[in-house]
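Participant: In case you want the letters, here they are:
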Amino acid sequence: MILEARVRHRFRGFALDVEVATDGPVLGIFGASGSGKTTLLHALAGLLRPHEARVAVRGRELCAAPGGRWVPPERRRLALVTQDPLLFPHLDVRGNLAYAPGAPERLAGEAGARVLEVLRLAPLLERGVANLSGGERQRVALGRALLADPALLLLDEPTSALDAELSRDVLGLLLVAKRELGVPMVFVTHRAAELLALADDCAVLESGRIAARGVPVEVLKRPRALGVASLVGVDNLLRLPVLAHDEAGGVTLLDLGRGVQLAAPLCAAPPGTRVDVGFYADEVLLCLEAPHGLSARNALACEVRALDRVGHELLAELAVGDASVRARLTPAAADELRLAPGTRGVAVVKTAAIHHLG
Amino acid sequence: MLSEAEREVVLLSVRVAALAVGASLVPGTLVGFALARWRHPLRALLQGVVMLPLVLPPVVTGYLLLWALGRSRPLGRAWHALTGGHVAYTTAACVVAAAVVGFPLLVEAIRLSMLAVDRRLEQVSRSLGRGPADTFLRVTLPLALPGVLAGAVLSWARALGEFGATIVLAGNVAGETRTIPVAVYTLLNVRGGEEAVARLTAVSVALALAALLGSFWLSARQRRA
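Order-wise, the sequence lines are chains A and B.
Position one of the first sequence corresponds to residue 1 (my numbering), numbered consecutively onward.
Position one of the second sequence corresponds to residue 1001 (my numbering), numbered consecutively onward.
The reader is advised that the hints may include incorrect statements.
Unchecked claim - Per the computed footprint, the stretches of chain B lying under chain A, defined by three or more beta-carbons under 8 Å from a beta-carbon of chain A, are:
id	segment
1	1110–1123
2	1139–1149
Stated by the list, open to error - Residues from chain B shown here face chain A by an in silico Cβ test under 8 Å; the list is partial:
id	residue
3	Arg1126
4	Ser1127
5	Leu1128
6	Arg1130
7	Gly1131
8	Ala1133
Hints were generated in silico from the structure; no laboratory data involved.
A quick note: this is a predicted structure, and the numbers were derived from the prediction, not measured.
Backbone N, C-alpha and C fix where the C-beta goes; we use that ideal spot for every residue, glycine too.
Please model the entire structure based on the sequences and the hints provided.
Facilitator: Okay, here's the thing in structure tokens:
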């Protein structure tokens, strides 16, 4: 087992009670904010002393509470990467990367060269950290953690402070790191698409307890888990048959049913097989009439099924072919378009906004 | 221009204040860190004890020091064993008085600058394999350094003006314990001393103002994570 953990902890009226064992290599922890994801990661990292716990990584016992073994965080070899990259502001990029014990030697050696290449860090080495972009900062944080040579990487929503494009970039780097460097990870996220893309195994956390457990694609299909997903306004996840490839046009056509086609980025799956694709509800534009002169490949006839208010936003559920697609919009926009269940319109999605998962 | 005696007074004051700050710097940094990070019921008590010289009448502080460093007290005996002499009425007594009275200002500046260091940086450091002492030296202290220096400058300025505890513990020995405030006090009682008082006052104001400005400049330089 890569990770065995049983953690019970209560504080300020919140109780965390989790038991999970996984062979990974990437365990996704999925849940809304306040579900206890960060508390769980801190308990694993040893930054919080749980009231009752047993944590073992690759058979090495790190913590048995109460009264048992306690390995302090610096000796656990579990490097933490958080939403906020938390680079050391008094060190430059090289100083941050070389922070962990042994990291200067690794940075100078072959392992370091691989990390620099995978995370595209070489051009940043001599820069200060203050003027890095958000994506660059997160890459440095990731490199710093990898150069600590962790037994397990703990990722606490590493993409959620980034805009959609950058978060896809960082997610891609995590995928490469997983494939090329073979580092096992515990990956906390509230984005279903990221869970599908990166995690091999997953646990859905709800108010401090595990509500569902298993392979991400299966878990996310269960209504209970999707209840969590809709809470945080996630995304469109579709499993669709491939109709045809247009290599010159750079698109793969997927079948949404009733003759409606979705143009996704070109992929290698043969026609007839099914592929998983995902896109954010933010990426869907709703029009009352078919727009002209549009660069987006997808202008799909749709009908509003339901409008759900989530905080200050509206999630519109649209019937497109046989599928259901969500679009996020403001109440003001919905008012102006006079949207109501039954309204017919056109859903516009850029091909580039659609991502192949898995 | 300053006379020979006045120059001696100013140099002694500057030296005493510098020694006082130098002796306080390491304990002050550790206490400031403990007060910033410690989550313990006894923290308030420790903070109270550290802050005490700020609100006690300096003369009372001086009396307490004189009592604690007396020949029959453990501290006084330890001093005697180390130096073969007694603290009272020596330059060392000036340094002790100045250090104790300047300590709260030093600790408070350090405590605030360490509170401003993001704790999560320390957590990340721990998870990257650096223990508590290493994390303190590599992350907390460098980030809080401008605040530590600002506190040092501020407490130096306070030490420079120390009078009440000094006069009790160190007395008024020319060349040994006669610092600027003690000299000014003495000269006020001497006929024709007004000019010397004016000169020493000017030096006092100049040094204090320079120290304050330096301290402000330093504390504005703390980097935010």
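Participant: Work down the list of hints and note, for each, if the structure agrees.
Facilitator: Evaluation of the provided hints:
no.	hint	result
1	1110–1123	holds (count 4)
2	1139–1149	holds (count 3)
3	Arg1126	holds (4 Å)
4	Ser1127	holds (4 Å)
5	Leu1128	holds (4 Å)
6	Arg1130	holds (6 Å)
7	Gly1131	holds (5 Å)
8	Ala1133	violated (10 Å)
This entry does not satisfy hint 8, going by the numbered hints stated previously; all others are met.
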